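Using the hints, position chain B against chain A.
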Amino acid sequence: MAANHPELPDRDSVFTLAASRRSVLAAGGLGLGALFLAACGGNPSSSPNDSKASGKPKKGGTLRVSISDADTSDALDPGLVLTANAVMCVNSIFDRLLNIDDTTFQATPSLATSWTPNADATEWTLKLRQGVKWHDGSDFTSKDVAFTVNRWLDPKSGSSVSLLIAPYMEASGVTTPDPSTVVLKLKKPNSLLLESVCTHFGSGIVKDGTDFKAATVAGTGPFKLKSWKPGQGWSLVRNDAYWGGAPYLDAIEATVTPDQGAKLQGVLAGSTDVTDTFPVALWAGLQGHDNVALETIKGERTWVFTFDQSQAPFDDPRVIEAIRLATDRETLLKTSFQGHGTVVADVPVPTDSPFYPSGLKPEYDLAKAKQLLADAGHPNGLDIELSTSSGVAGMSDIAQAWQQVVKEAGINVKLKEYTASTYWTKAWLQTPAYQDYWHNNLPTVDFDAFYRKGASWNGTHHEDPSLDALAEQILATTDAAKRTGLMQQALLEARKTFSYLMPLFVDAGYARASKVQGLKWNKLGSVDFSRAWIA
Amino acid sequence: MSVSTLVPIEESQTDASPRTVRGRAMRARALSRQLAMAVLTILLISFISFFAMNHSADQLGKNVLGRQATRAQLDAFAASRGLDRPMIVQYLDWLWHFVGGDWGKNLAATQQVKPIVLPAFTHTSELAVITLVWSVPLAIAMGVAVARRGGPIDRGLFVVMTVLAALPEFVVGLTVMIILAVQLRWFPVSSNAIGQGTPAEQVKAFVLPSLTLGVGVVPYIWRITRASVLESLSAPYTRAAVLRGLRRHRVIWSHAFRSAAVPLVNAIAINIIYLMGGVIIVENVFAVPGLGRLLLAAIAQGDSQTALAIIVLLGTVFVVLGLLADVLVTYLNPRLRGGAR
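Chains A and B, in that order, are what the protein sequence lines are. Numbered according to the working numbering, the first sequence spans residues 37 to 571. Numbered according to the working numbering, the second sequence spans residues -5 to 335.
Honestly, the hints are just simulated from the structure, not real lab data. The model shown is predicted, which means the values in this text are computed figures rather than measured ones. Some hints could be false.
[Stated by the list, open to error] Ranges of calculated distance between the beta carbons of each label pair, as one might list FRET restraints:
| # | chain 1 | residue 1 | chain 2 | residue 2 | range |
| --- | --- | --- | --- | --- | --- |
| 1 | A | Gln347 | B | His49 | 25 to 33 Å |
| 2 | B | Leu132 | A | Glu421 | 53 to 61 Å |
| 3 | A | Asn327 | B | His49 | 45 to 53 Å |
[Said to hold, decoys possible] Here are some chain A residues the structure puts well away from chain B; computed CB gaps all over 12 Å:
| # | residue |
| --- | --- |
| 4 | Thr98 |
| 5 | Ala182 |
| 6 | Ser195 |
| 7 | Val210 |
| 8 | Ser216 |
| 9 | Gly238 |
| 10 | Val273 |
| 11 | Gly302 |
| 12 | Gln407 |
| 13 | Ser550 |
The beta-carbon is built from N, C-alpha and C at its ideal position, and this holds for glycine as well.
For reference, chain B alone in the conformation it holds in the complex:
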């Protein structure tokens, strides 16, 4: 997932330390190339999506007006949305307006796209952040702890984590809902207070979906942490550090964990991407007004204005995440900094 794998190997092998002008220039070129590739990819995806959704004006008309729409109504509909123009013209028109800040109206022309998509994006981001804030440290702590100790706790946890990871989201979601919302009544059944309730209501509304999502995130992060930490703990440099007399705590966290963190950063990035765009089921079960539901509805209806706005938004988020992950990985792993090998 690391974007830096796009950079050809030769570059990092020449004498291009970031401290030199040449090194900085090379990094800048590599970065701009990555950005250009990313932008191109997003454009390509939007292009393909647009064509896939807009190929049948009649179907779009029936989606909005109902299956019994008359010929006259369908024609009026197509004319008002500009669906009778060549597709490439429609696409370029959309693109031109989009980069200018005008995201257009949804297919039913009942509202503007921006005031619908941006709040949903905010809610999904909030849910993602809240979930990561508790699940990632927990998973890492557990992963490091058992990697050190091993034994029956490790094996037991392995089984538990595998089972949790295997449970489908709506099973976890409905179970959590039945226990905590219906039986104990500690939290609301539906999380629609997100974005419109009082602060107290909103906080409560985030708990159940976050819990459900966390149950999916924790096993994955835990396993990666555990595996990488185990690997670095058995590496020669760890042994060397111990023999040098460093304290156990420093050995684990400053040395072993630091190398183990590389695959971990990638794993977390992947999870963030999933939490941003893939949590449709949890959003449905808890009625969270988020991006997943919106995107699915837009695609099914053929609402290209809304769908593309979300696709581009998510694409941008992924690109930024990828770059951040890269920077972090480079910081953690000095070999990637372009220093002399």
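So here's chain A without its partners, still in its complex pose:
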């Protein structure tokens, strides 16, 4: 989703971030590699993979990680992180101000121990944790937070956090009254500022004056950087002085294995303990083995179809309604992602979210869809040209499946193909019907990015003043319970008037050796090794 994740097309990983230079090879190699491995690999059985063996955590051991989504231009700057390779390393070295729950988006203390808004949510006062030290031994103070926030706001640093915070404050709004207090003065109310920012993996707090060189970079996180070879791998060692309690693992060693098939073989051969995500087609190759478990991250992203409401035929709400009714979501999920996911009714939150409007269920009604199309002046069906890219992992899978599914209602979808790198400059936001994917976020973040007046990525070109008013009200409300109700209301309103078609949330999956326990990988792309141990 644009606002929170600096995506570039393509990866088959949680983050699908970097440019798809290897897309052609990935597609070819993966396709035949998958068939090959299905033939040679273990027999796919439906044995459950919840081998969460109980047992006391053991200290020691080196975790070996194998990652496909990497690039030689990966950097240690959290704001520039684009690949899973960079995220995993950066997440382990740096901490954020707060930890955010991936379903409720509630914040818990991390580097900040308290965060208090003023009455109208235009000022935030943060109290920082005491006694935290950087990896080089110096003290963590408010100066470091101020430096980091300034980086977020400065266009020259290119930080991906910029779009979450720049609309709400200027660089002059950061003050540090004392070494453990930071005050953020906003130009517009935002009661969810910290939750929005800290959800993003680019929000790690960096040391004042850092230059992100591997030799000198210092974080406050559970692991310290030992070596960094961009595009090839990295290694970390335990930070014994970690404020959250020293991790169990002695070290983590990551290597970049670009080929998904080779990565799979590494896991099966026992030379890898954890991987980044695999494409759905290879999941079968991981099942049926005792030493390996396939872990799923439920509802990792939602696929979105955007229609430009400023031009025909999408300017007629009956057409939009008809498209929604004609989309058989269950079949779509089965054919495009083999059922790994959940269907939703055109809201960008999964069904287990507290913000999901209660009682909202997707409707599938072919007859009604055809009737609506006829009423809107399309008795013989509708022609849609949908922009898509086979270079973005998963995109054409769902495009083709959707094309088949809506055919019955007389909606003829023609797919216009773009390469992965040109898609985001030529098709995205530029064509009347195109695809997108959004990650899990607070609804207000999605509103800012895709719905509100002036939103940079609103490809529907539609405006809804009542949604704008609701969004403003939410951000001005400091009462969490009240906000939840308002969010549900706002999502229903957004669904009513905007053309975004969001039929499902899809799962992601990665491999874990059975002996690895305590690894946490949430829906927001945060991989947490701090409590992992090897049995």
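Just chain B now, with coordinates in the frame of chain A:
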């Protein structure tokens, strides 16, 4: 592929033996002309590549910063990389720095280009050399052996070689990996130890990719060897040599093989070029930190500093190879030495 074909025919027909001053001068002129053409070609390729990659500053900005980069960020990005200048100015600026030894920074400005490209070049060269060292002699030996004997072995080998040549690289690669690395566990699954492991680990890491590449090289070299040796074995001078009473071994190696070697030298040169720049798939499958992966990534991202550095480097290698091939061919085939016809 021989560069000497660029030399007009008349030159070699005049009385210009290398022993004469005039002959040497002519060879020197021809050589310098070849070099000038080669340099010009490399410049032209770099020029075209540069323009192809740098035409959209916004796209480059989004490649590095992500699709959601704001206008302010994209402008700051373009300004810091000098992308707002006219393209010809950018190109000349790059060229000026490049020949001065400053290869610049990659597009993301996260590191210098030289420390990334040179090690990758070394690794790719090592892999190429290791592959050629075992596959070429093997292929030649097999080619000569069957050319002599013929019969069912020859036909059987023909089929085997054709099948091997037809197999896609990643099929061979994954098969080799599954058998030797996963089932037998003799070698590592991934070859990322190249360049950073202990010497023992590095040696092991080269085996599987080299094996995979060799499976592509051997059939090609074998066929050419076999065909040329067959041809020279049936030539009149071979028969004459046999009738003169020379031993079989000398006939084959000093006479027949020497003429057969000309197309072989060209074939080997072509294979070297392929091994240097075209082994992306094997590099991907085995995670070899080589030039193919780097070049592909650089082109896709629009990182012209890295891509051009690799293109020029590879271009230079090809030119040198071409010249060496020429020299070798001239040595093997006296008719090309410029002596009287």
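Quiz prompt | Ascending list of hint numbers which this structure does not respect | solution = 6, 9, 11
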